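K.L.:
Here are the chains, one letter per residue:
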Amino acid sequence: MNQHLLTICYLIGSITFILGLKMLSNPASARKGNLLAAGGMSIAIFGTIFLFSYDENGTTHYLGNYIWIFAALIIGAIVGTLAAKKVQMTAMPEMVSLFNGMGGACAALISIVEFNHLSKELGATPTVEMIQHVQPTVLIIVLGLIIGSVSFAGSMIAWGKLNGKVKDFSFTGQNVLNMVVLAAALGLAVYMIFNPQQHMLLYAILGLSLFYGIFFVMPIGGADMPVVISLLNSFTGVAAACGGFLYDNKVMLTGGILVGAAGTLLTILMCKAMNRSLKNVLIGSFGGNKKGVAGVAGAQGEHKEISLSDAAMVMSYANKVLIVPGYGLAVAQAQHTCHELEKILTEKGVEVKYAIHPVAGRMPGHMNVLLAEADVSYDILMEMEQANDEFPTTDVVLILGANDVVNPAAKSDPASPIYGMPILDVEQAKTVIVNKRSMKPGYAGIENDLFFRPKTSMLFGDAKKVLQDLCTEIKNA
Amino acid sequence: MNQVLNFITSNQEIIYTVILMIFVGIEIIEKVPSVLHTPLMSGANAIHGVVIIGAIIVMGKAEQDNYLALALGFIAVLLGTLNVVGGFVVTDRMLEMFKKKK
Numbered sequence: 001m002n003q004h005l006l007t008i009c010y011l012i013g014s015i016t017f018i019l020g021l022k023m024l025s026n027p028a029s030a031r032k033g034n035l036l037a038a039g040g041m042s043i044a045i046f047g048t049i050f051l052f053s054y055d056e057n058g059t060t061h062y063l064g065n066y067i068w069i070f071a072a073l074i075i076g077a078i079v080g081t082l083a084a085k086k087v088q089m090t091a092m093p094e095m096v097s098l099f100n101g102m103g104g105a106c107a108a109l110i111s112i113v114e115f116n117h118l119s120k121e122l123g124a125t126p127t128v129e130m131i132q133h134v135q136p137t138v139l140i141i142v143l144g145l146i147i148g149s150v151s152f153a154g155s156m157i158a159w160g161k162l163n164g165k166v167k168d169f170s171f172t173g174q175n176v177l178n179m180v181v182l183a184a185a186l187g188l189a190v191y192m193i194f195n196p197q198q199h200m201l202l203y204a205i206l207g208l209s210l211f212y213g214i215f216f217v218m219p220i221g222g223a224d225m226p227v228v229i230s231l232l233n234s235f236t237g238v239a240a241a242c243g244g245f246l247y248d249n250k251v252m253l254t255g256g257i258l259v260g261a262a263g264t265l266l267t268i269l270m271c272k273a274m275n276r277s278l279k280n281v282l283i284g285s286f287g288g289n290k291k292g293v294a295g296v297a298g299a300q301g302e303h304k305e306i307s308l309s310d311a312a313m314v315m316s317y318a319n320k321v322l323i324v325p326g327y328g329l330a331v332a333q334a335q336h337t338c339h340e341l342e343k344i345l346t347e348k349g350v351e352v353k354y355a356i357h358p359v360a361g362r363m364p365g366h367m368n369v370l371l372a373e374a375d376v377s378y379d380i381l382m383e384m385e386q387a388n389d390e391f392p393t394t395d396v397v398l399i400l401g402a403n404d405v406v407n408p409a410a411k412s413d414p415a416s417p418i419y420g421m422p423i424l425d426v427e428q429a430k431t432v433i434v435n436k437r438s439m440k441p442g443y444a445g446i447e448n449d450l451f452f453r454p455k456t457s458m459l460f461g462d463a464k465k466v467l468q469d470l471c472t473e474i475k476n477a
Numbered sequence: 478m479n480q481v482l483n484f485i486t487s488n489q490e491i492i493y494t495v496i497l498m499i500f501v502g503i504e505i506i507e508k509v510p511s512v513l514h515t516p517l518m519s520g521a522n523a524i525h526g527v528v529i530i531g532a533i534i535v536m537g538k539a540e541q542d543n544y545l546a547l548a549l550g551f552i553a554v555l556l557g558t559l560n561v562v563g564g565f566v567v568t569d570r571m572l573e574m575f576k577k578k579k
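In order, the protein sequences belong to chains H and U.
Counting in my numbering, the first sequence runs from 1 upward without gaps.
Counting in my numbering, the second sequence runs from 478 upward without gaps.
Do not rely on the hints blindly, as some may be mistaken.
The calculated DSS-like cross-link candidates involving lysine-lysine, where the alpha carbons are at most 25 Å apart (straight line), are [said to hold, decoys possible]:
#, chain 1, residue 1, chain 2, residue 2
1, H, Lys-304, H, Lys-411
2, H, Lys-22, U, Lys-508
3, H, Lys-353, H, Lys-465
4, H, Lys-465, H, Lys-86
5, U, Lys-508, H, Lys-272
6, U, Lys-538, H, Lys-250
Chain U residues, not near chain H, derived (Cβ > 10 Å throughout) [to be verified]:
#, residue
7, Met-478
8, Leu-482
9, Thr-486
10, Gln-489
Rather than coming from a laboratory, the hints here were simulated on the basis of the structure.
If you're wondering where the values come from, they're calculated on a predicted model, not measured in any experiment.
Heads up, the beta-carbon is just placed ideally off N, CA and C, and yes, glycines get one too.
With the hints as constraints, model all of the structure from the sequences given.
P.N.:
Set out below in structure tokens:
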């Protein structure tokens, strides 16, 4: 009876995952979709704890060690909720990466425990039949170990990079070394499948996979981290599916493969939003030296500054103002002040809209989330193509801490690491005002010619402070 | 060769599931707007936390005196819970921002 109940629990789990993911891809139903999947997950988890049974030596056993299981569940739930609730909106991407790494580590640990179990059964000198019998299991265990640990190590590096703890790092021949390490791990894996009694090799594979995970993410530029996290996310999905194979567990299998497939497609969609190929992201941006050349190549004149009162004046007498938000806005937590400015300008009869680049901020959709938090209406958020049509009729473009997404080098300089990425054509507008904290280059580490163009004026300072002052100035004007 | 064929035949149910799931996964998110890329990734991230079920099974099966399995299983369940709970809560927080206005 319990067995049948568990099957139903798993069935519910699988269906809610599919429906949840489907609902997550539509803004109107996204939140419900997430809750639905969470509900299905709870049913599957508690079903497993209380209903799972297995046969050993002819008798049916239920799972034991409840104290341990619940202790881990409760600690994990409390820490996870607190971490997720406390995290700043700007740090969301890091958090996703961190949680993804936890999942990868979980899959790798399962593989290690299951292999230890298996090698005890095999003993030191197994017969040929015994080896043949366990080969498929060993294959799955080793696969889960490799994918899980690559995902874990990679996610940790991505997490460190996004919060600035880990710097970009690459050396000549790193690609070759990475390939050699991966080949070594896979080679050892194949050897293990035929010689499963060599159980110490498992730790060698673990070490190589961790090494590969670290050095695979290390050289990729910080601006490409969302793509990498999405890719590692789908890796973890596949690692979870390996667990599904291992226990012939349908909910793990379907959930894992679902995320593996959807995650891979999502990775490709993200690359498309930046007009780059996945290969280009993973290998192309390795040239640390290329960046330096691109930076110097553009002839740089003087940038000119604009005073607060002038900026306020220009904006309040404009017909149409487009705001381009970027990471600077997110860091300064200036979304509410930005909305304030938008309202004041609108009251003065100025048409205000936002131009959202798909990869502005640290993640696709980052800006939308941020502005939605400040109650900015959907109707005035424009996607890139729409915005590019509007720039020629725009009087003032106010750039708030965005840099790479408005860098003209993406169109004109083939040596630039962001060459080919579609950008917001802010130069089509009459005036461009750029708010930045300093002249330091953006996240991709490249100079931006836009700041030196005659149409452009710089308005230095923290986005929130500057916006507050602008609001006061415009009100008083 | 025979072994491979045997493997396919005896696991055909799983192989079918995998193939169908790949298509489902691709199909259902094909039309996602770029606004939702991040929440979708985060939601998918929480769903692969289903790996925790494997961890629970490992933990539940571990013998009382097998301290290695107990310790590793405990860590695995803990990490899996972080993935699931943290993942869903973070996604919800992101999507909370999309709520209807006016």
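K.L.:
Verify this label for me: U:Thr-486 is non-interface relative to chain H, using a Cβ-Cβ cutoff of 10 Å.
P.N.:
holds, 12 Å
K.L.:
Given the hint that H:Lys-22 pairs with U:Lys-508, test it: the Cα-Cα distance must not exceed 25 Å.
P.N.:
Judged against 25 Å, a Cα distance of about 10 Å means the pair holds.
K.L.:
Was U:Gln-489 rightly flagged as not at the interface, with every chain H Cβ beyond 10 Å?
P.N.:
holds, 13 Å
K.L.:
For the pair supplied as a hint, H:Lys-353 and H:Lys-465, confirm whether the alpha-carbon distance does not exceed 25 Å.
P.N.:
Holds, at about 21 Å.
K.L.:
Straight-line Cα separation of U:Lys-508 and H:Lys-272 no greater than 25 Å?
P.N.:
Since the Cα atoms of U:Lys-508 and H:Lys-272 sit roughly 13 Å apart, the hinted pair holds (cutoff 25 Å).
K.L.:
Given the hinted pair H:Lys-465 and H:Lys-86, is their Cα-Cα distance within 25 Å?
P.N.:
Holds, because 24 Å separates the two Cα atoms, which is no more than 25 Å.
K.L.:
Classify the label on U:Leu-482 as holds or violated, using whether its beta-carbon is more than 10 Å from each beta-carbon of chain H.
P.N.:
holds, 13 Å
K.L.:
Need the status of pair U:Lys-538, H:Lys-250: alpha-carbon distance at most 25 Å?
P.N.:
Since the Cα atoms of U:Lys-538 and H:Lys-250 sit roughly 19 Å apart, the hinted pair holds (cutoff 25 Å).
K.L.:
Is the straight-line distance between the alpha-carbon of H:Lys-304 and that of H:Lys-411 25 Å or less?
P.N.:
holds, 23 Å
K.L.:
Non-interface claim for U:Met-478: all C-beta distances to chain H beyond 10 Å?
P.N.:
For U:Met-478, whose nearest Cβ neighbour in chain H is about 13 Å away, the distance exceeds 10 Å, so it holds.
Violated hints are absent here; each numbered hint is respected by the structure.
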